[in-house]
Amino acid sequence: MGRYSRILAIGTAICALTTSAAMADLVKIGVLAPLTGPTASDGEEFVRGARLAAKEANANGGIAGHTFEIVTADVVDHSAANVTSAVERLLGTEGVHIILTGYASLSMFEVELMAEANMPYIAAGPSPQFAGIVSGDPSAYDCCWSFTADFKGYETDVTPTIEALLAAGHFPLDNKTVAIISSDNPYSKTISEGMKSAFGDAGWTVTVDELVPFGPVGDWRPILAKVRENPPDVVINTDYIPSNAALFTNQFREDPTDSVVFLQYAPLVPEFVELTKENSDGILYNAIGATLDVDAWPRGQEVAKKYKDEYGVASGAYGTGLYEMATVYFEALDKVGDPTDHDAVGKAIVETKRPVTSGFLEFDPATHVARQGIDHVPVTFFQIQDGGGVMISPDKYKSGEFKKPGWMSE
Amino acid sequence: MKYAPSFQRTNGFWPVVIALCIAAALPFFFTETHIRHILILIFVYAILASNWDLSLGYGGIVNFAHIAFFAIGLYTYGIAAKIIGLDPWLALLLAPVLAIAFAALLAIPVLRLEGIYVILVTIAAAQLLFQLVVSQGDFTGGTSGMVLIPRLEIVGYRLSSDGRIGYYYLSLLLVVFSTVFLYKLERSALGRAIKALRDNKYYAISRGVSEGRIRLLTLCASAIFPGLAGAFYGAYLRIASPDVFGLGFLTITLSILLLGGISTIWGPLIAAVVITAFAEILADYGASRSIIIAAMIIAVVVVYPGGLYAAMQEIWGLGTRLRTNVTAAWRRRFQASLRQEAMGVKDHLVETRHGPVSVCDTGNGDQTIIFVHGNSSCKEVFRRQFDEFAGQYRLVTFDLPGHGVSPNGNPDEDYAVEAYAEIIRNLVDSLDLKTPIVFGWSLGGYAALEYAARGTP
Amino acid sequence: MTLETFAFLLASGLVLGGLYALMASGLAVVWTTLGVFNFAHGAMIALGAYIAWQVTQYTTGGAGFLLGAGVSVAIMFCLGFAMHYVLVKPFELHANLVLLAVITTLAAASIMENAILLSWGPRDKQIAPPFTGNIEFLGTAIGIHDFVILAIALAALLALALFLRRTTAGRALRAVAQNREAAELMGFNVSRLVAMTIGLSAATAALAGVFVGSLRFISPTVGTDPLMKSLIVVILGGVTRFTSPIYAAFIVGLAEAFSAYFLVLYWAPAVLFAMMIIVLLIKPEGLFGRRTRTL
Chain V
13 MGRYSRILAI GTAICALTTS AAMADLVKIG VLAPLTGPTA SDGEEFVRGA RLAAKEANAN
73 GGIAGHTFEI VTADVVDHSA ANVTSAVERL LGTEGVHIIL TGYASLSMFE VELMAEANMP
133 YIAAGPSPQF AGIVSGDPSA YDCCWSFTAD FKGYETDVTP TIEALLAAGH FPLDNKTVAI
193 ISSDNPYSKT ISEGMKSAFG DAGWTVTVDE LVPFGPVGDW RPILAKVREN PPDVVINTDY
253 IPSNAALFTN QFREDPTDSV VFLQYAPLVP EFVELTKENS DGILYNAIGA TLDVDAWPRG
313 QEVAKKYKDE YGVASGAYGT GLYEMATVYF EALDKVGDPT DHDAVGKAIV ETKRPVTSGF
373 LEFDPATHVA RQGIDHVPVT FFQIQDGGGV MISPDKYKSG EFKKPGWMSE
Chain Z
197 MKYAPSFQRT NGFWPVVIAL CIAAALPFFF TETHIRHILI LIFVYAILAS NWDLSLGYGG
257 IVNFAHIAFF AIGLYTYGIA AKIIGLDPWL ALLLAPVLAI AFAALLAIPV LRLEGIYVIL
317 VTIAAAQLLF QLVVSQGDFT GGTSGMVLIP RLEIVGYRLS SDGRIGYYYL SLLLVVFSTV
377 FLYKLERSAL GRAIKALRDN KYYAISRGVS EGRIRLLTLC ASAIFPGLAG AFYGAYLRIA
437 SPDVFGLGFL TITLSILLLG GISTIWGPLI AAVVITAFAE ILADYGASRS IIIAAMIIAV
497 VVVYPGGLYA AMQEIWGLGT RLRTNVTAAW RRRFQASLRQ EAMGVKDHLV ETRHGPVSVC
557 DTGNGDQTII FVHGNSSCKE VFRRQFDEFA GQYRLVTFDL PGHGVSPNGN PDEDYAVEAY
617 AEIIRNLVDS LDLKTPIVFG WSLGGYAALE YAARGTP
Chain B
1460 MTLETFAFLL ASGLVLGGLY ALMASGLAVV WTTLGVFNFA HGAMIALGAY IAWQVTQYTT
1520 GGAGFLLGAG VSVAIMFCLG FAMHYVLVKP FELHANLVLL AVITTLAAAS IMENAILLSW
1580 GPRDKQIAPP FTGNIEFLGT AIGIHDFVIL AIALAALLAL ALFLRRTTAG RALRAVAQNR
1640 EAAELMGFNV SRLVAMTIGL SAATAALAGV FVGSLRFISP TVGTDPLMKS LIVVILGGVT
1700 RFTSPIYAAF IVGLAEAFSA YFLVLYWAPA VLFAMMIIVL LIKPEGLFGR RTRTL
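Respectively, the protein sequence lines represent chains V, Z and B. Going by our numbering, the first residue of the first sequence is number 13, and it counts up by one from there. Going by our numbering, the first residue of the second sequence is number 197, and it counts up by one from there. Going by our numbering, the first residue of the third sequence is number 1460, and it counts up by one from there.
All the given hints hold, so there is nothing to weed out.
Ranges of calculated distance between the beta carbons of each label pair, as one might list FRET restraints:
| hint | chain 1 | residue 1 | chain 2 | residue 2 | range |
| --- | --- | --- | --- | --- | --- |
| 1 | Z | 474 | B | 1737 | 40 to 48 Å |
| 2 | B | 1641 | Z | 311 | 15 to 23 Å |
| 3 | V | 419 | Z | 332 | 37 to 45 Å |
| 4 | B | 1465 | Z | 285 | 54 to 62 Å |
| 5 | B | 1737 | Z | 332 | 15 to 23 Å |
| 6 | B | 1590 | V | 321 | 34 to 42 Å |
| 7 | B | 1578 | Z | 507 | 30 to 38 Å |
Rather than coming from a laboratory, the hints here were simulated on the basis of the structure. Quick reminder that beta carbons are idealized off the backbone N, C-alpha and C, glycines included.
Work out the full structure, taking the sequences as your base and the hints as a guide.
Structure follows, in structure tokens:
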């Protein structure tokens, strides 16, 4: 209200006076989301997750006397200009006391804007970038918290998991060779570099090491030709764009090698399986922060079911994630009572210790990033079996066993 | 370019002064950072689009790497201030230098090509630069860009403090400097050479304009302020990311330029306000917003290929004509006695091929003298002649169309010496003036000569 | 390099080349006739793909695929025809035609992309390929569908070429492209012919969209990358003749496949853009271009 001109603001203020009794306790939850543009499908999930949480809190009579409403701002293509405009819009909206997002910019630069405005901000964007900004002076960023846990596990955990599968006798490892393909963006590149050293340390040989430019890949066949010349035991592709990963899977299956295939992130996106159909059966992937929709983790099952009941489709990581972020905020607000006291809300968020869909949430005070590990947010490994993701590791949560992919020889 | 009044005398002077005062006072009315942010964005877009006009509109060089100047400014600032550790203000000044250097480099292929090929080669150059920026991740931060770029401070005062007021005035200052620069350049010898090359290349060359040199200078001049604006943008947002190379940024800027009207300095400034404000008002409509804005752009361009500025001028012109017509009619109706006092006879409207004109006619005497007044004058200028010769001759004078109390004519047909001669001819016929002596003063002299030349002495 | 790898790369390059040829020829036809660059070509590819996808939701299998492609081509032809009267005709004789067309086509692209987003949503989709399974090609396995697509693409280009060279209507189009004034003096309805050219271009875009959508996947922004690729192809080949971008398309496709293998895929875009600048500098009319304009 009153964003466009002083006159409008005065006009609405007069109107607001008459209705202030009803409006006073309404807290607006700002959601930064790509509502248009190439990642709009994720954006839709952000908003749905947050909306579900708000609806539920309102139905239960609100938190500390406050009811909630969702306000969205479109970051379109995640460009700096669009993200800044969206952030400024939310900051300038009367009644917004918390901003949530799945991811707004790849570089997380908006953390700086939030800190300047002292606006509580919980994001699930790339945590290394987040930590890079915050760790310089953590006390200046008391309002900003990363729901995404430390990414270190992405780099370190693939090697031991695959070696464990080997030890369990699922497949023979002939000569410990791995082909690693990556895309030139900070997320994929950091992870693939980390994996290379992790595999190297464990005595593996990297047979193919390819970097593709960030963006749509028209044809993976030339790279697959390189992979096939010297069939490795493991093929890894860290390009996270779902359509790229799906094309990679389909083209790999045209003439598969006798290898375990691991893809980063993309199989988590619902349409990946739709696009690859039976081709993706047997693919491995992992996630930090995926919904633990397994018997061993009731919280994950509970939220996943709520989301599915509400919207009729299963949530990816972001729908339930935004739901949980809102829950974290509600808990903090319950302690503080006053949504306008942003300092106190920030301090209350740091004390969060609770189970969420992705594990047990606790923030690291040095980086403001959620802690990663088997007792916090674990790295979970999945295999696609009959069109669905089955968690095969870690043992604490797993819901199924690894099955040898159909393309691999006996 | 023969008649170029100084800026204080053009009718654009007061609107510009008023707009500037409003822009300077705006932050006091809008204290929310959000609106100030939008205003700063408007200024950045205005600089980008109006400087693009220099190469694209005035120079006729369709340079699609214009946004690359901005990107170079942005990354120069980022790398110089953050990685090299240069003082942010020095980095800000270094940015346009590198932008100019890139412009000079870009001139090499551009000089050899024409028309649509210039579009293509500049698109390719911008894409090549983009690939380069993205691949040098150690310096540029790769695809995600570099964050925490040093901010600008004046003796410890952060420009972002107090709701970004410092950045607001810095960007306003940049717009003012950029506009003054463009205005002066357009009216300089170089500006005339740039336009001459666009309008008639071979004639310009034959008159000693060096095509290569001028095109090089055009590109370099158009890079200065975008480079500065890029550095400013980096200091303001504290991020340099490769999305500035994207089609989205280019489309917005180009829309602003074409919607505003090319070959005008003011059009892009106005369109920057219109488009950015429009986009912001529609911000809640998601995909429909882009559709509405795109449809609006098509509509404006189809109806007014000259853009908003042309539309505004047309509307302004209509207003002026309406105002002067009403004034003339009012004077004809209510001030007739004043004029009668001066001239001794009452004036009346006489219909001619070029619309009605107001005529004074003493009515008696065998020999007629017709007096034709000069440019921007009126028939009452001959009141002393009327006093002097009233008894000896039949005296006739009239207001040319759009002059005195005659109604306005049609600009396409009626304001020409030939038309004036025809009016005289019509008057001679309808008032039965036989063979008059025609006295013309200044413009009236030309009209008289034309009348004579048509074989009707 | 084994024969198998070579065959594999060859197949990859040929399929890419076929797609690029289809995309670029539509762009080139408009360029030659009107002298404007159609920035909405990418969005037309996307829209064509979505229309076909919608049809395949009702009728499945090979029949659905064919029907989808047919409906999509027909609708896009009409749309292209209409686009001429909205986007180009109003300022056909304006001095800044090239520039104004840039902005109207960019705006049209934005409208189409966002309309797709509104009607079909943002998630990736695929037009179900009618042929699944692989065939042996010089000892390596390649999807049958890829080869079928390549064959149809070449057939479509051949049909277009025959239409332009052998039929009266096609010759009229070529006449307009070569000398508009003369064509006008000969009594042709130039406006309608130009509209037809844009319609044809839109139809080839639709076909390319259907192919991309079944070989790859479709999303509202699927046209962006093909647009850039077509641009490179058209510049390398030149637009002066209908056939020149087609040769260039195959060169680019094969170069992409083989360079990705021998060099790294990473530098492929940079190399292509650098090549583009060099070609423009040395031979602006394109590698296969001639100085005179014809279709």
